[in-house]
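From first to last, the protein sequence lines stand for chains A and B.
The first sequence: position 62 = 62 (this note's numbering), numbered continuously.
The second sequence: position 447 = 447 (this note's numbering), numbered continuously.
Straight-line distance between alpha carbons at most 20 Å, and here's what the computed SDA-like set of lysine to any residue pairs gives:
#1 A:Lys-6 <-> B:Ile-53
#2 A:Lys-121 <-> A:Val-143
#3 B:Lys-163 <-> B:Glu-65
#4 A:Lys-6 <-> B:Leu-79
#5 B:Lys-510 <-> B:Leu-405
#6 B:Lys-43 <-> A:Leu-18
Derived by calculation from the structure, the hints in this document are not laboratory data.
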Amino acid sequence: MGQTMKRAALLTVILWALLGLGFPLVMVGIGQLFFPWQANGSVITVQGRPVAARHVGQYFGNTLQYFWGRPSDTTSITTGKLQPYNAFNSGPSNYGPTNAALLHDVKVRVREYLQTTPGLKASQIPLSLVESSGSGLDPDITVQSAFIQIPRIAKHTGLSVTTLTRLVESHILPPELGIFGPRRINVVLLNVALTALIHKHES
Amino acid sequence: MTVSTMVVWGVVIGGLLLSLKPLGTYMYKVFTFQPTLFDRPFKPLENVIFRLIHVSRDSEMTALEYGVSFVLMNMLWALMAYTLLRIQGLLPFNPQHFPNLNAPLAFNTSASFTTNTNWQAYSGENTLSYFSQFAVLEFLQFVTPASGGAVGLAFIRGITGRKLGNFFVDLTLLLTRVLLPLALIFGVAFVAAGVPDTLGPYLHLHTLTGQTQIVPRGPIAGWEAIEHLGQNGGGFTNANSANPLENPSALTNVLQSIAMGLVPVAFFYMFGLFAGKRRLAWTLIAVAGTLFLAMLAMIYFPEASGNPVINLLGLSGHGNYVGTELQQGIGGTSIFETASNAFTTGSVSAANDSFLPIPSLALFLGMFLNMVFGGKGVGLLNMLMFVLLTIFLMGLMVGRTPEFLGKKIEAKEISLTAIAFLIHPLLILVGSAIAVATPLGMAGVFNPGPQGLSEILYAFTSGAANNGSALGGLGASLPFYEIAIGVVMILGRYASVVLMLLVAESLWQKKAVPETSGTMHTDTPLFASILLGAIIVLNALTFFPIMALGPLAEHYLLVTHHVFS
Numbered sequence: 001m002g003q004t005m006k007r008a009a010l011l012t013v014i015l016w017a018l019l020g021l022g023f024p025l026v027m028v029g030i031g032q033l034f035f036p037w038q039a040n041g042s043v044i045t046v047q048g049r050p051v052a053a054r055h056v057g058q059y060f061g062n063t064l065q066y067f068w069g070r071p072s073d074t075t076s077i078t079t080g081k082l083q084p085y086n087a088f089n090s091g092p093s094n095y096g097p098t099n100a101a102l103l104h105d106v107k108v109r110v111r112e113y114l115q116t117t118p119g120l121k122a123s124q125i126p127l128s129l130v131e132s133s134g135s136g137l138d139p140d141i142t143v144q145s146a147f148i149q150i151p152r153i154a155k156h157t158g159l160s161v162t163t164l165t166r167l168v169e170s171h172i173l174p175p176e177l178g179i180f181g182p183r184r185i186n187v188v189l190l191n192v193a194l195t196a197l198i199h200k201h202e203s
Numbered sequence: 001m002t003v004s005t006m007v008v009w010g011v012v013i014g015g016l017l018l019s020l021k022p023l024g025t026y027m028y029k030v031f032t033f034q035p036t037l038f039d040r041p042f043k044p045l046e047n048v049i050f051r052l053i054h055v056s057r058d059s060e061m062t063a064l065e066y067g068v069s070f071v072l073m074n075m076l077w078a079l080m081a082y083t084l085l086r087i088q089g090l091l092p093f094n095p096q097h098f099p100n101l102n103a104p105l106a107f108n109t110s111a112s113f114t115t116n117t118n119w120q121a122y123s124g125e126n127t128l129s130y131f132s133q134f135a136v137l138e139f140l141q142f143v144t145p146a147s148g149g150a151v152g153l154a155f156i157r158g159i160t161g162r163k164l165g166n167f168f169v170d171l172t173l174l175l176t177r178v179l180l181p182l183a184l185i186f187g188v189a190f191v192a193a194g195v196p197d198t199l200g201p202y203l204h205l206h207t208l209t210g211q212t213q214i215v216p217r218g219p220i221a222g223w224e225a226i227e228h229l230g231q232n233g234g235g236f237t238n239a240n241s242a243n244p245l246e247n248p249s250a251l252t253n254v255l256q257s258i259a260m261g262l263v264p265v266a267f268f269y270m271f272g273l274f275a276g277k278r279r280l281a282w283t284l285i286a287v288a289g290t291l292f293l294a295m296l297a298m299i300y301f302p303e304a305s306g307n308p309v310i311n312l313l314g315l316s317g318h319g320n321y322v323g324t325e326l327q328q329g330i331g332g333t334s335i336f337e338t339a340s341n342a343f344t345t346g347s348v349s350a351a352n353d354s355f356l357p358i359p360s361l362a363l364f365l366g367m368f369l370n371m372v373f374g375g376k377g378v379g380l381l382n383m384l385m386f387v388l389l390t391i392f393l394m395g396l397m398v399g400r401t402p403e404f405l406g407k408k409i410e411a412k413e414i415s416l417t418a419i420a421f422l423i424h425p426l427l428i429l430v431g432s433a434i435a436v437a438t439p440l441g442m443a444g445v446f447n448p449g450p451q452g453l454s455e456i457l458y459a460f461t462s463g464a465a466n467n468g469s470a471l472g473g474l475g476a477s478l479p480f481y482e483i484a485i486g487v488v489m490i491l492g493r494y495a496s497v498v499l500m501l502l503v504a505e506s507l508w509q510k511k512a513v514p515e516t517s518g519t520m521h522t523d524t525p526l527f528a529s530i531l532l533g534a535i536i537v538l539n540a541l542t543f544f545p546i547m548a549l550g551p552l553a554e555h556y557l558l559v560t561h562h563v564f565s
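When you get a sec, could you build the whole thing from the sequences and use the hints?
Below you can see the structure in the form of structure tokens.
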């Protein structure tokens, strides 16, 4: 037993040096050396200022002139209250399929779209646009989800529907490597481009 | 079914089917000490390790020595993890200055990661320092699956008439020859595909709408690789692989799904080579594969047709997107979740609590069975446990002493196997019953209606199966659950492993009996279907009543548009 214990302890120390320190630090080194942009969080900068991480959604639902992403149910870690797209505390609503609160939230979101978007019908609203994501940080929406928001954005930015349609069409992301996953739109990237358009339009 | 779904499924399932033979053969050569292509880089390293701990490659252990080494070493790791988590605040690589963990959480977390469960009662991104993540938990995600795999190896050697081997040698080789090389490959792929890997502090971004957003980073890509290759499933962040920081694209989703299955599936094939019966391996792969496809179908089709209550609103499209990430699609989410609960990884690419009832049932099924390939080694062990039970039942029917791989299966083996089988439902059902019967347990329930019961049941099932996923609404950070699930994880991991090692040794000591015309063949479609039937009947008898009160009740309420508030 004593001999076994000694071996176990020694082997633990060796393996810890190899796998607990060696592997993670080598991986950090490889990442920093060969893929520095991805390894550091895929940061998007506008005029040298970091404004977003490529894969992490942001909250736009408090403004009418931006495209809105999927609903997010992340909460503040200090107050526990809803704080959408809080990347510091990723997570879902956890509402089960028969929870009345789920149905209520979906209805509220549908109503919000109908009230703010001229000419929109409920049957045009994609389910994924009113059902919240698992991480609360989903950066993507379906192509249709972007198109149905155009009337609202046109109304609040003064940009033409044609301009906005062209903007959305140029931001459709193909499936990964051409085969994996759906066509989609990254709302963060779309809104970065939209911001530039708004500035140009105003000046 | 969409084309996109078929492509994703085809690549994952095809990838696993194509890899199982070469990887299984490679592992067979490594663990029978035959030369392989990779001797040159790894052998010198291993030689240094073996010299330092005074063990030679060909030294042997008895079942007791093997089991004691396994348990001792695991205890050592748990103690080390507990201590380091308790003093996290004093240690380096803590750019966010997170404080020490409290005692119940440190106990739960060290039990969880040592037992290869990776149940998480905390949110990684706002609780743990980089040091705790990589030097404590990521380390455990390497060594604990390897130690489970080593026990699986010893069991295979025992029942195929070999000496059991040496725990320290098997553990080291599983790490240097299998997990470390694979982790390097997958780690690089993940960072290239957009998973962060840095020691830099969290990002503070000034968003387009003028807010501040804190975006966590860290040494995540390497973590993701071993998290999945080792069927660990502990997430770097709270949302696990639903978080785009951990699983940023449909490509990483496919890679993570494949990574989970590589070694467990190859273990089945390797067993066939050890037994000298490749057809037996394919028979077991077919049985587990059938169950895998059944789970996949049970998850995908209901999720793709959506929640009946929400469908009444008449919105565009169909499908349940609650708690899922858009870029994975329902097809990608389904294969990931199936893989995670079949291989008992326990990572999630969606919020399991928001799954529809039948998909939930499939998640339960994976954990009840715990042998739809399962974790490496341990899953095979559970499969062979069912094989022994099935052979015994068949032997009873024809009135003949059953035999397996030329060894008679007698009272001692069957008693041990039966106890090993019963521990699992005992932990799940008794644990859940206590939680449901006490205010402390009920305090953790989040969703109303049958889903609330499912949350409790899922927690104990996940702990006992060493899976680690959760119906996340449950208050897992309540001390009651931290301690109860911690205990269940420990019993679930070690009790059955030690029992099955004793079975292996008992079989090894028996004289082989020659095959005759009366010998029952275990590598035929007939046996496969009886095995499948036995697995289903034994588990249905055990778990159907509680399933009827949880997911099944919820399913029938949902189709009649009943909601709870």
